[in-house]
Amino acid sequence: MNIPADLKYTKEHEWIKIEGDIATVGVTDFAQGELGDIVFIDIDTLEQDVAKDEVFGTIEAVKTVSDLFMPLSGNVAEFNEALEGEPEKVNSDPYGDGWMVKIKISDLAQADDLLDAAAYEALVS
Amino acid sequence: MKQTPFNDIHVALGAKMAEFAGYNMPISYTGIKDEHEAVRKGIGMFDVSHMGEFILKGENALDLIQRVTSNDAAKLTKGKAQYSCFPNGEGGIVDDLLVYCVEENKVYMLVVNASNIEKDWNWVQKHNTQDVEMHNTSDKTALLAVQGPKAVQAIQKLTDLDIVNLDYYTFVKGTFCGVDNVLISATGYTGSGGVEIYFENEGADHEKIWNAIMEAGEEFGIKPAGLAARDTLRLEMGFALYGNDIDDSTNPIEAGLSWITKFTKDFTDRALLEKVKEEKPSRRLVGFEMIDRGIPRQHYKITDADGNEIGEVTSGTQSPSLNKAIGMGYIKREHAKSGTEVFISVRDKNLKAVTVKVPFYKED
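Protein chains in written order, with my numbering: chain X, 21 to 145; chain B, 3 to 366.
Zero decoy hints are in this set.
Here are the computed lysine-lysine pairs in the BS3-like style, where the Cα-Cα straight-line distance is at most 30 Å:
no.	chain 1	residue 1	chain 2	residue 2
1	B	43	X	83
2	X	109	B	354
3	X	83	B	339
4	X	83	B	121
5	B	128	B	267
6	B	303	X	83
7	B	364	X	83
8	X	83	B	18
Computed footprint of chain B on chain X; a stretch qualifies when at least three of its residues, placed anywhere within it, have a C-beta under 8 Å from a C-beta of chain B:
no.	stretch
9	57-69
10	79-92
Hints listed in this document are in silico derivations from the structure and should not be mistaken for laboratory results.
Glycine residues also receive a C-beta, built at the ideal position from the N, C-alpha and C atoms.
Next comes chain X alone, as it looks inside the complex:
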């Protein structure tokens, strides 16, 4: 299983890449494997402020649906529009082309609560 060392993680199986006050968010390789073929990413909070741990969207696989939770409080600033036509990118490249949203972080201190790669690996192994 692929768990890049330079990313942060949540126990909800999301990964976070922080650059300045922008966090890029996606789901982990483990999550896409568990969900199976992903068919629709529904982000209905675009340009809204959403608090940490609140639902910012849903991810629909053929078999099941799963909520997406805010890893950090902030504004959902951008959605990866490529997923509109090719949601399967989340399966094929979860840490790259399969990124989902960019969040403008409102409280950078919350980043301290995120898991590092070693802690996330321990969680899923």
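Model the placement of chain B on the given structure of chain X, informed by the hints.
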């Protein structure tokens, strides 16, 4: 948790396994879409050994079957099978099943859902007032569904029995892959043709048969397929799934199963169901396609344009063959006509959908 004889094979193939009806079953191997497509275009092989089999024998076997099932089993001659259901005495459905006529008026096989084996056995036993000999052979019967447009060609390589000319819902019995007493029927739950293969599991027969079929199907791109693809395939055909679309609280008429409810004979709930049919059911199980983006799931509410609740979703998925979201659900009769605009409550949104005739998927 129970295992099928093929458990080690699934694990060795790296299948995603999960509990289903008390069995550890393969959910998927290479991915739902991949397996789904293999069945629609080539061949997919499903281990469905969890299904239940009852053998009924003796001169009163047919009479018992006639009384407990809704379809007319007297129409069956040797080598024919039919789809049927057990009405539950209150207008609902105990289970849906296949009835195989092994020997006319003498030997029949009932094939039931794994989750209902005990319930069905007790139900049939309860009505067995004439000492029909009954055997529950579920645990020793292995069952492979080899489905897809190329399935019969592959299976034909492994037997002298005539498989390529087998009519839909007929079967033959004989030697297959060197194993005796194998029953092969032109049945399935996918809508892409193929066969189901029943055999008594002894020694390493299951391994021999699995490997031989994989080899025979190689030129057609055969893939092992799991329960997840089985579900998307059956839903594209509008086939009801017990526990989702039909259960003890739904009657066969509203479920669209009038075609297996024959008032030419007496059976459990006959009068009640005849009345439902005459007066027309208050709701109907119908198919629908999403117009707005979203995927319907079991138990989502169905409303009209004004937000009034008119039904509930019983099954839903993204259709891999059609690449659109489809579902089935019970809708009040006045809204059930195909072409009606309805709304599906997906979380906090009411998404537009339209009722359609099933099957959703038709072969080109």
